[in-house]
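So the sequences go chain by chain: G and H.
Okay, so the first sequence: first residue is 1 according to the working numbering, each after it adds one.
Okay, so the second sequence: first residue is 1 according to the working numbering, each after it adds one.
No lab work stands behind these hints, which were simulated from the structure alone.
Keep in mind that a hint or two might mislead.
Stated by the list, open to error - Computed list of lysine to aspartate or glutamate pairs in EDC-like fashion (alpha-carbon distance at most 16 Å, straight line):
id	chain 1	residue 1	chain 2	residue 2
1	G	K326	H	D174
2	G	K76	H	E250
3	G	K351	H	E250
4	G	K85	H	E250
5	G	K259	H	E55
Stated by the list, open to error - Partial selection, computed: residues in chain H whose CB lies under 8 Å from chain G:
id	residue
6	G192
7	L270
8	T334
Claimed, not checked - Not close to chain H: a few residues of chain G, all C-beta gaps over 10 Å, as computed:
id	residue
9	A35
10	L63
11	V69
12	G127
13	A128
14	R129
15	K171
16	R240
17	W258
18	F306
19	E307
20	G308
By construction, the Cβ of each residue, glycine as well, lies at the ideal position given by its N, Cα and C atoms.
Now for the letters of each chain:
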Amino acid sequence: MSVLEKQVPGVVMTPDNIRSRKLPVVTNVVIAVAAFAIAAAIVLGLDIGNWVLVAVFGAAFYLIGLSVVAGRIEGKRAARNRTMKALIYTACVLAVLPLISVIWTLVTKGLARFDADFFGSSMNNIGARDANGGAYHAIIGTLEQVGLATLMAVPVGVLGAIYLVEYGRGKFAGTVRFFVDVMTGVPSIVAGLFVYTFWVLGVSPIFNDGRPQASGFAAAMALAVLMLPTVVRSTEEMLRLVPGPLREGSYALGVPQWKTILRVVLPTALPGIVTGIMLAVARAAGETAPVLLAAGGLAAINFNPFEGGQSSLALFVYQQAGDGSKFAPDRAWTAALTLVALVLILTVAAKLLARRNKLSR
Amino acid sequence: MGDYPSRSVNATAGDLAATSSRGQGAGYGASPSNHNEPPLGGGGALPKKSRFSIETGFRALSTASGAMVLVIIVAIAVFLIYKALPALQANTGHFLTQFEWNPNDATPSFGIAAIAFGTVLSSIIALLVAVPVALSIALFLSHYAPKRLATPLGFVIDLLAAVPSVVFGLWGRDVLQSPVRDFSLWLNEYFGWIPLFGGNGPFGQSILLGGLVLAIMVLPIITSLSREVFQQTPGMNEEAALALGATRWEMIRTAVLPYGKPGVIAAVMLGLGRALGETIALAMTLSIKFDISFNLIENGGNSVAANIANAFGEANETGRGALIASGLVLFTITLVVNMTARAIIYRRREFRDNAA
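Let the sequences and hints guide you as you build the complete structure.
Structure below.
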């Protein structure tokens, strides 16, 4: 304190001059207005662009002006701080714009065909001049394929996670864990190609008089390949959160390890596991490429996933987007809206479930 | 349940393996020595560990499920190679260097050079656009935004990751294409002297459009991973920087960014893996061309995955074999990228756990 109390002769320390000087808000606003005015004058005066360029130039001028003026008033370091903050805020606004645009287009364009006919009919016998036609067959396909994929991926995924957490020790477990992570990055089209070579060309001819057959089940297999690593990872994370004393209490009562896992560990982690599964299902429901390769797509309603081609909502969007009919875009957008609604409901429900989870970090 | 009679019952009920390390660890804390009684039961009363019990069965089942992941990865490689080989043997051109893609002809001739180039170029554009924005958002969420804003915004970014790629493709084709065309015309008029923006059109369905759509798709991945890394910065480091008089940006530059660097690199590589493998969004936004051109704004562009989706329907057997071969190349590239990214994350995790 003694250093601070010693006054330098000639300078009187008041609350105003011992704080560093701040850029007044008014100056900030003036810089912004001036920047955009200059940008508008340059762009529109020289006629080199429209309002978008004005916005870009204006933002650039504002950043430059801000850093210069703040540099004069507050000093170099504070000016840099201010500029970086403005840059980061700008980037956030920039990223939110496409999101708003996607949602806005989905809702406005998607509601054009959001009617009973769309959800009650298929594309069978719908020509280029027909305005009706719907996605009933695609919704059936999506539900069946995703359901089958869940049935395949969840038991294997949960058991795999149990291995990693409860049993796995040493190098092999480390390898498995590493490749589970790597497998999350396998492109969906590669999973589709794999099932095409393995199931459609390799195994399905046995059941179909020697001819290869695309089916909803094949698509479900490809989706299961994509879901598996997600399920393993999320389940593993949840199992690790189960407190050790819970297991030890069970062992102390003489319960064998498998029963402890099934009766104590899994029920405790269940909400978290369900959340992970729902997120994986949401991801699988939106995949297009595997269904395109493995199920082929069919315009008619096919309830049987094991025989004959099937479509799915995502594939329906892709096919309608590539269709030349003037009614196709409306159908594509409505199907896209349905798909996004389905996926988002699943995702939001999963996140809300995760919030109620007592084990969460 | 902790009474003595039940203990003797339980001692004979289960086959809690005294040999398993976990069993020993669990029993360690509850030693019966504090009860002044002779120990109940004894080694002879415990059932012997049978060779084939539910325990071994369950253990084998879960181990098999864990191994399933390795089996699938190996199976993907084996089946793709098996089906690609006949087509590669029938190929009259050079698979790695040729630009043409005519595998359906009587004398099939195809090469992966042009489409691999398109894949890499579109991914580079996507990363160049997405990485600065994603890192800014991550910093905003972790160090700038008030908590009341950061939580819902982070939630929205996560939702963005859940939107299917086909929806982004549709949006890119129907909505983003016309602004990108206008922008391309503007670039061509004023910067046409740079080869990247030259050409005589038509513009719009270009690699720039595909790259921008990809950028929006990889943005949430990079954002959420780097946000997590930034949030893990030790509070001590941040407070030390601030206490030394650093401004907020200087604190971020000296404490947060160096700490998060490996994590950010891994996040970018995971985003790269996603961008390389993206299929449908590119199949809908690019106009397919088989040549190597650095022109970003003219119609054109192609990628390995988009080519598979586009050409698969009309391909004959050799054609499908050729597409499978290109899929194998894509699989290898993404595998390498992902393994590198994960290796970085793992090394970092070890480092952090040791430090803690």
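How the hints compare with the structure:
1. Simply put, G:K326 and H:D174 have alpha-carbon atoms about 13 Å apart, close enough for the 16 Å limit, and the pair holds.
2. A threshold of 16 Å between alpha carbons decides the hint, and for G:K76 with H:E250 the separation of about 12 Å falls inside it, so the pair holds.
3. The hinted pair formed by G:K351 and H:E250 fails the criterion: a straight-line CA distance of about 35 Å is larger than 16 Å.
4. Between G:K85 and H:E250 the CA atoms are separated by roughly 11 Å; this keeps the pair inside 16 Å, and the hint holds.
5. As the CA atoms of G:K259 and H:E55 are separated by approximately 8 Å, the hinted pair is consistent with the 16 Å bound.
6. The interface hint given for H:G192 is violated, since its Cβ lies 14 Å from the closest Cβ of chain G, which is over the 8 Å cut-off.
7. Satisfaction of the interface hint for H:L270 is found here, the shortest Cβ-Cβ separation to chain G being roughly 7 Å, below the 8 Å cut-off.
8. The interface hint given for H:T334 holds, since its Cβ lies 6 Å from the closest Cβ of chain G, which is under the 8 Å cut-off.
9. The non-interface label for G:A35 is consistent with chain H: the shortest C-beta to C-beta separation is roughly 20 Å, beyond 10 Å.
10. Taking the minimum C-beta to C-beta distance to chain H, about 13 Å, the non-interface status of G:L63 holds against the 10 Å cut.
11. Annotated as non-interface, G:V69 keeps its C-beta farther than 10 Å from every C-beta of chain H; the closest such distance is 17 Å.
12. With 10 Å as the threshold on Cβ separation, the claim that G:G127 sits away from chain H holds: the shortest Cβ distance comes to roughly 20 Å.
13. In this structure G:A128 is separated from chain H by more than 10 Å, as the shortest Cβ-Cβ distance comes to about 18 Å.
14. No Cβ of chain H approaches the Cβ of G:R129 within 10 Å, the least distance being about 21 Å, so the stated non-interface status holds.
15. Distance to chain H confirms G:K171 as a non-interface residue, since its nearest Cβ pair spans about 12 Å, more than 10 Å.
16. Distance check for G:R240 against chain H: the nearest CB is about 13 Å away, which clears 10 Å, and the non-interface claim stands.
17. Distance to chain H contradicts G:W258 as a non-interface residue, since its nearest Cβ pair spans about 4 Å, not more than 10 Å.
18. Listed as a non-interface residue, G:F306 keeps its Cβ farther than 10 Å from every Cβ of chain H; the least gap is roughly 21 Å.
19. Consistency note on G:E307: stated as away from chain H, and its beta-carbon is indeed over 10 Å from all of that chain's, at 20 Å minimum.
20. Non-interface call for G:G308 relative to chain H: holds, since the shortest CB-CB distance, roughly 17 Å, exceeds 10 Å.
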